[in-house]
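*Asks:* Sequence:
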Amino acid sequence: MCESGLGARARRLPSTGEAAIARPHTPLLSRDLIARTALALVDRHGPDGASIRRVAARLGVNPASLYNHVPNRAAMVEDVRALVSAPIDSQPLRELPWEDALRAWGRSYRRAFARHARVVPLLMTERASAPVLLAQYEDFAAAAEAAGWTLRDVIPLLTAFESFILGSVLDMSGPAVVFDPTGQEEAFPRFSAAFDTLADEDPEDPVATRAFELGLDMLIASARPR
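Residue numbering for the sequence shown follows the working numbering, starting at 78 and increasing by one per position.
Simulated from the structure, these hints should not be mistaken for lab results.
Check the hints yourself; a few may be wrong.
[To be verified] FRET-style restraints, in silico, Cβ to Cβ:
#1 D273 x L110: 48 to 54 Å
#2 E172 x L235: 29 to 35 Å
#3 D125 x E222: 38 to 44 Å
#4 S240 x R303: 47 to 53 Å
#5 R130 x A237: 17 to 23 Å
#6 A163 x E290: 21 to 27 Å
#7 A223 x N145: 41 to 47 Å
Because the structure is a prediction, the values reported are computed rather than measured.
Yeah, the Cβ is synthetic: ideal placement off N, Cα and C, and Gly gets one too.
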(Lines of atoms letter the chains of each structure in order from A and count residues from 1; the text may use other names and numbers.)
(Lines give C-alpha, C1' and ligand atoms only; values in the text may rest on other atoms or scores of the structure.)
Protein backbone atom coordinates (compact mmCIF):
# COMPACT_ATOMS: atom_id res chain seq x y z
CA MET A 1 0.00 0.00 0.00
CA CYS A 2 1.10 3.54 -0.71
CA GLU A 3 1.56 6.06 2.10
CA SER A 4 -0.97 8.85 2.16
CA GLY A 5 0.21 12.36 1.22
CA LEU A 6 -0.13 13.44 4.85
CA GLY A 7 1.96 10.55 6.04
CA ALA A 8 4.68 11.30 3.51
CA ARG A 9 4.87 14.93 4.59
CA ALA A 10 5.04 13.94 8.24
CA ARG A 11 7.95 11.64 7.45
CA ARG A 12 9.87 14.32 5.56
CA LEU A 13 9.46 17.23 8.02
CA PRO A 14 11.83 17.38 11.05
CA SER A 15 10.32 17.12 14.49
CA THR A 16 10.31 20.11 16.83
CA GLY A 17 13.24 18.62 18.73
CA GLU A 18 15.24 18.09 15.55
CA ALA A 19 14.59 21.70 14.46
CA ALA A 20 15.83 22.97 17.82
CA ILE A 21 19.00 20.93 17.52
CA ALA A 22 19.62 22.36 14.06
CA ARG A 23 19.72 25.93 15.36
CA PRO A 24 23.18 27.43 16.08
CA HIS A 25 24.24 27.26 19.71
CA THR A 26 26.64 30.23 19.52
CA PRO A 27 25.71 33.90 18.99
CA LEU A 28 25.96 35.18 15.46
CA LEU A 29 29.28 36.88 14.83
CA SER A 30 29.05 40.67 14.85
CA ARG A 31 31.32 43.65 15.26
CA ASP A 32 29.93 44.32 18.74
CA LEU A 33 30.49 40.71 19.83
CA ILE A 34 34.06 40.83 18.53
CA ALA A 35 34.76 44.03 20.49
CA ARG A 36 33.23 42.69 23.70
CA THR A 37 35.19 39.47 23.38
CA ALA A 38 38.41 41.40 22.81
CA LEU A 39 37.72 43.55 25.87
CA ALA A 40 37.07 40.49 28.03
CA LEU A 41 40.35 38.97 26.87
CA VAL A 42 42.25 42.19 27.60
CA ASP A 43 40.68 42.35 31.06
CA ARG A 44 42.05 38.86 31.68
CA HIS A 45 45.35 38.79 29.78
CA GLY A 46 46.30 42.44 29.22
CA PRO A 47 47.03 43.95 25.77
CA ASP A 48 48.13 40.57 24.38
CA GLY A 49 44.50 39.50 24.57
CA ALA A 50 43.57 41.84 21.72
CA SER A 51 44.89 39.77 18.86
CA ILE A 52 42.75 38.70 15.93
CA ARG A 53 43.83 35.09 16.38
CA ARG A 54 43.08 35.03 20.10
CA VAL A 55 39.67 36.67 19.72
CA ALA A 56 38.78 34.26 16.92
CA ALA A 57 39.82 31.29 19.05
CA ARG A 58 37.66 32.51 21.93
CA LEU A 59 34.70 32.83 19.57
CA GLY A 60 35.40 29.46 17.99
CA VAL A 61 35.76 30.79 14.44
CA ASN A 62 38.48 31.09 11.82
CA PRO A 63 40.49 34.34 12.16
CA ALA A 64 39.56 35.24 8.59
CA SER A 65 35.90 35.36 9.67
CA LEU A 66 36.57 38.43 11.81
CA TYR A 67 37.62 40.44 8.78
CA ASN A 68 34.06 40.23 7.48
CA HIS A 69 33.16 42.55 10.37
CA VAL A 70 36.28 44.56 11.24
CA PRO A 71 38.86 45.67 8.66
CA ASN A 72 41.91 45.16 10.90
CA ARG A 73 43.18 44.93 14.46
CA ALA A 74 43.39 48.73 14.81
CA ALA A 75 39.67 48.99 14.09
CA MET A 76 38.97 46.31 16.69
CA VAL A 77 41.00 48.24 19.25
CA GLU A 78 38.97 51.37 18.49
CA ASP A 79 35.79 49.39 19.05
CA VAL A 80 37.19 48.36 22.43
CA ARG A 81 37.95 52.02 23.17
CA ALA A 82 34.36 52.90 22.32
CA LEU A 83 33.02 50.28 24.74
CA VAL A 84 35.21 51.47 27.61
CA SER A 85 34.60 55.17 26.92
CA ALA A 86 30.82 54.99 26.49
CA PRO A 87 30.01 55.36 30.23
CA ILE A 88 32.02 58.59 30.55
CA ASP A 89 29.59 61.42 31.25
CA SER A 90 30.53 64.61 29.41
CA GLN A 91 27.17 66.27 30.06
CA PRO A 92 28.65 68.32 32.95
CA LEU A 93 30.98 69.98 30.40
CA ARG A 94 27.89 71.28 28.62
CA GLU A 95 25.94 72.33 31.68
CA LEU A 96 28.09 73.10 34.73
CA PRO A 97 30.55 75.90 35.48
CA TRP A 98 34.05 75.08 34.18
CA GLU A 99 35.69 73.93 37.41
CA ASP A 100 32.68 71.89 38.55
CA ALA A 101 32.38 70.37 35.08
CA LEU A 102 36.03 69.29 35.05
CA ARG A 103 35.67 67.62 38.43
CA ALA A 104 32.52 65.68 37.47
CA TRP A 105 33.91 64.70 34.06
CA GLY A 106 37.28 63.67 35.51
CA ARG A 107 35.69 61.44 38.12
CA SER A 108 33.40 59.85 35.53
CA TYR A 109 36.37 59.24 33.22
CA ARG A 110 38.32 57.51 35.98
CA ARG A 111 35.36 55.32 36.99
CA ALA A 112 34.82 54.16 33.41
CA PHE A 113 38.42 53.14 32.87
CA ALA A 114 38.89 51.73 36.38
CA ARG A 115 36.55 48.90 35.34
CA HIS A 116 39.03 47.95 32.62
CA ALA A 117 42.42 49.18 33.86
CA ARG A 118 44.40 46.68 31.77
CA VAL A 119 43.06 48.21 28.56
CA VAL A 120 44.93 51.49 29.09
CA PRO A 121 48.32 50.39 27.67
CA LEU A 122 46.55 48.87 24.66
CA LEU A 123 44.66 52.06 23.82
CA MET A 124 47.86 54.07 23.99
CA THR A 125 49.11 52.17 20.92
CA GLU A 126 46.44 53.54 18.57
CA ARG A 127 45.06 56.97 17.72
CA ALA A 128 41.67 57.73 19.25
CA SER A 129 38.99 58.01 16.58
CA ALA A 130 35.93 56.36 18.15
CA PRO A 131 32.96 58.71 17.59
CA VAL A 132 31.64 58.16 21.12
CA LEU A 133 34.92 59.50 22.51
CA LEU A 134 35.30 62.30 19.96
CA ALA A 135 31.84 63.54 20.97
CA GLN A 136 33.14 63.88 24.53
CA TYR A 137 36.24 65.66 23.27
CA GLU A 138 33.95 68.05 21.41
CA ASP A 139 32.22 68.88 24.68
CA PHE A 140 35.61 69.42 26.33
CA ALA A 141 36.81 71.70 23.52
CA ALA A 142 33.64 73.81 23.61
CA ALA A 143 33.79 74.14 27.40
CA ALA A 144 37.48 75.04 27.32
CA GLU A 145 36.84 77.75 24.72
CA ALA A 146 34.00 79.13 26.82
CA ALA A 147 36.40 79.25 29.79
CA GLY A 148 38.80 81.39 27.76
CA TRP A 149 41.27 78.85 26.34
CA THR A 150 42.43 79.25 22.76
CA LEU A 151 41.96 76.41 20.29
CA ARG A 152 45.75 76.05 20.18
CA ASP A 153 45.75 75.14 23.88
CA VAL A 154 42.75 72.78 23.91
CA ILE A 155 44.63 69.60 22.94
CA PRO A 156 47.52 70.13 25.42
CA LEU A 157 44.97 70.89 28.15
CA LEU A 158 42.97 67.76 27.35
CA THR A 159 46.17 65.71 27.24
CA ALA A 160 47.20 67.00 30.66
CA PHE A 161 43.92 65.85 32.18
CA GLU A 162 43.89 62.51 30.35
CA SER A 163 47.50 61.75 31.27
CA PHE A 164 46.68 62.34 34.92
CA ILE A 165 43.40 60.39 34.87
CA LEU A 166 44.77 57.37 33.02
CA GLY A 167 47.89 57.39 35.18
CA SER A 168 45.60 57.25 38.19
CA VAL A 169 43.80 54.27 36.66
CA LEU A 170 47.10 52.45 36.14
CA ASP A 171 48.00 53.22 39.75
CA MET A 172 44.80 51.46 40.83
CA SER A 173 45.82 48.31 38.97
CA GLY A 174 49.03 47.88 41.00
CA PRO A 175 49.66 47.27 44.70
CA ALA A 176 47.56 49.35 47.09
CA VAL A 177 50.83 50.88 48.35
CA VAL A 178 53.86 50.95 46.06
CA PHE A 179 56.31 52.22 48.71
CA ASP A 180 58.09 50.19 51.38
CA PRO A 181 60.77 51.87 53.49
CA THR A 182 60.63 49.08 56.10
CA GLY A 183 64.05 48.54 57.63
CA GLN A 184 65.39 51.90 56.40
CA GLU A 185 63.56 54.19 58.84
CA GLU A 186 66.74 55.71 60.28
CA ALA A 187 68.04 56.67 56.84
CA PHE A 188 64.71 58.15 55.71
CA PRO A 189 62.89 59.21 58.89
CA ARG A 190 60.41 61.76 57.46
CA PHE A 191 59.30 59.59 54.58
CA SER A 192 59.01 56.58 56.88
CA ALA A 193 56.86 58.61 59.27
CA ALA A 194 54.61 59.61 56.38
CA PHE A 195 54.44 55.97 55.30
CA ASP A 196 53.36 54.92 58.79
CA THR A 197 50.26 57.14 58.58
CA LEU A 198 48.86 54.81 55.91
CA ALA A 199 48.10 52.29 58.66
CA ASP A 200 45.12 54.48 59.62
CA GLU A 201 43.65 54.53 56.11
CA ASP A 202 41.29 52.16 54.32
CA PRO A 203 43.44 49.05 53.68
CA GLU A 204 41.68 48.46 50.35
CA ASP A 205 42.39 51.98 49.10
CA PRO A 206 44.89 53.77 51.32
CA VAL A 207 46.33 56.07 48.64
CA ALA A 208 44.83 55.90 45.13
CA THR A 209 41.56 57.77 45.57
CA ARG A 210 43.02 60.43 47.85
CA ALA A 211 45.90 60.92 45.42
CA PHE A 212 43.46 61.26 42.52
CA GLU A 213 41.30 63.83 44.30
CA LEU A 214 44.36 65.81 45.40
CA GLY A 215 45.83 65.80 41.91
CA LEU A 216 42.48 66.66 40.32
CA ASP A 217 42.10 69.63 42.65
CA MET A 218 45.58 70.84 41.69
CA LEU A 219 44.86 70.52 37.97
CA ILE A 220 41.52 72.28 38.23
CA ALA A 221 43.09 75.09 40.25
CA SER A 222 45.33 75.75 37.24
CA ALA A 223 42.66 75.22 34.59
CA ARG A 224 42.10 78.90 33.83
CA PRO A 225 44.06 80.51 30.99
CA ARG A 226 47.18 82.34 32.15
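*Asks:* Looking back at the numbered hints, which does the structure fail to meet, lowest number first?
*Replies:* Failing hints, ascending: 2, 4 and 5.
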